[in-house]
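Could you build the full structure based on these sequences and the hints that come with them?
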Amino acid sequence: MNWQALANPARFKRLSDRLLPWFAGGAALCLAVGLYLGLVASPPDYQQGDSVRIMYVHVPAAWMAMFVYANLAVAAAASLVWRHPLADVAGRAMAPIGAAFTFLCLATGSLWGKPMWGTWWVWDARLTSVLILFFVYIAYMALNSAFDDDTRGARSSAILALVGAINLPIIKFSVDWWNTLHQPASVSRLDGPSIHASMLTPLLLMAVGFTLLFFALALVRMRAGLIERRLAALSYTRSADAGVASFR
Amino acid sequence: MKLPKARAARRRRLAVLLLAGLGLGTAAALTLTAFDDHLVFFHTPSDIADKKVPLDRQMRIGGLVEVGSLERVQGTAEVRFRVTDLEHAVPVAYVGVLPDLFREGQGVVANGKLAADGTFRAREVLARHDENYMPPEVAEALKRSGRWNETMGAGTAPPAGPPPAPATQR
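Taken in order, these protein sequences are the chains called L and V.
Position one of the first sequence corresponds to residue 1 (my numbering), numbered consecutively onward.
Position one of the second sequence corresponds to residue 1 (my numbering), numbered consecutively onward.
A hint or two may mislead.
Unchecked claim - Pair ranges (Cβ atoms, derived):
(1) L/83 with V/49: 42 to 50 Å
(2) V/11 with L/200: 42 to 50 Å
(3) V/58 with L/177: 18 to 26 Å
(4) V/67 with L/197: 25 to 33 Å
Claimed, not checked - Rough simulated footprint, nothing fancy, chain L against chain V, three-plus residues with beta-carbon under 8 Å:
(5) 62-68
(6) 120-130
What the hints assert, rightly or not - Looking from chain V toward chain L, a few residues come up when the C-beta cut is under 7 Å (computed):
(7) 41
(8) 42
(9) 95
(10) 96
(11) 99
(12) 100
(13) 133
(14) 134
(15) 138
(16) 139
(17) 142
Because the hints were derived from the structure by calculation, they are not lab data.
Glycine residues also receive a C-beta, built at the ideal position from the N, C-alpha and C atoms.
Written out as structure tokens, the structure is:
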């Protein structure tokens, strides 16, 4: 299948009609089971006790903050190179979702930091780079809607999104490159996860659930975005017609 | 309708994008390399012993709370302990509330200033924890079977290479 066929709005709508219930249902199921396992059924940590349960929301939210941004960057590149409107709609649809996940990550991290580290916030490389990611999302949204001409807004914010992508490897490797208060990676390590299976299962379920939730929300927002575009185009032609009529 | 011209323009835009990405990536890599040792959240006791850091300013030191070094000064809220990186150790004095994870052998980061007598006067003490998560029973079992890594749970990555010599007392 030619991927550009997907970029056709009518085909996109048909495809999203079919996918949406699966994404939404899968997300609800994974999050329900994941939250139950994480908050109730999983054991406390040998060091952190029950506080470790914040991990089941915090860590998947952090992964999503970066995953959504990677998608945003791909949409931005597609928008700049192929100039396809669907890429603009996708970028605009994904940015607030990514910002929400980043905020969730920062907020839960802060709540976790106070009892464990003894502080709500420190300016170490990991925390600071994630805060910058949050600001880049906000800047993307602001720039995207800063122009009267939607295309110009999409173009400038796409460039910002691509420049901001340099932050992704910095976030990922900040804990390895520099000494930080934040601990190094537990799951994506060369020698395998350093999390016990009873805790890894709910963590991965939550991650799958968040991913499906993101896909579902992004599809809904993209469909709304496409309808908005058509509406804008329609009212533009109508007001143009009316303008011509009154002029006559 | 796909004109060859449109395709050429697309290819040109892609090339510009890749080139800009390459330039930006190089610039970022150079900047990060330049940061290298300066972008640290804390200094180690070895840095202080080697006088790699200006000692007359506020700074953070990080390491393990040396086992057996923790003492509370009678009648005050002051605690004293030594922070070690298994090569050098710095005595620390702190008045205040310690985080829950604070204990001997745990990784900590202390923010404060080095006094003239060589004691680090901490304003704030933060606990680190490591990237290992497991139920208490598993931790117990690991300790019983002797597969417990010495620095596990301490919040500092085990040093690469051969195990370090015991902390020097000075």
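Here is how each hint holds up against the structure:
no.	hint	in the structure
1	L/83 with V/49: 42 to 50 Å	60 Å, violated
2	V/11 with L/200: 42 to 50 Å	45 Å, holds
3	V/58 with L/177: 18 to 26 Å	23 Å, holds
4	V/67 with L/197: 25 to 33 Å	31 Å, holds
5	62-68	violated (count 1)
6	120-130	holds (count 7)
7	41	4 Å, holds
8	42	6 Å, holds
9	95	14 Å, violated
10	96	10 Å, violated
11	99	3 Å, holds
12	100	6 Å, holds
13	133	4 Å, holds
14	134	4 Å, holds
15	138	6 Å, holds
16	139	4 Å, holds
17	142	9 Å, violated
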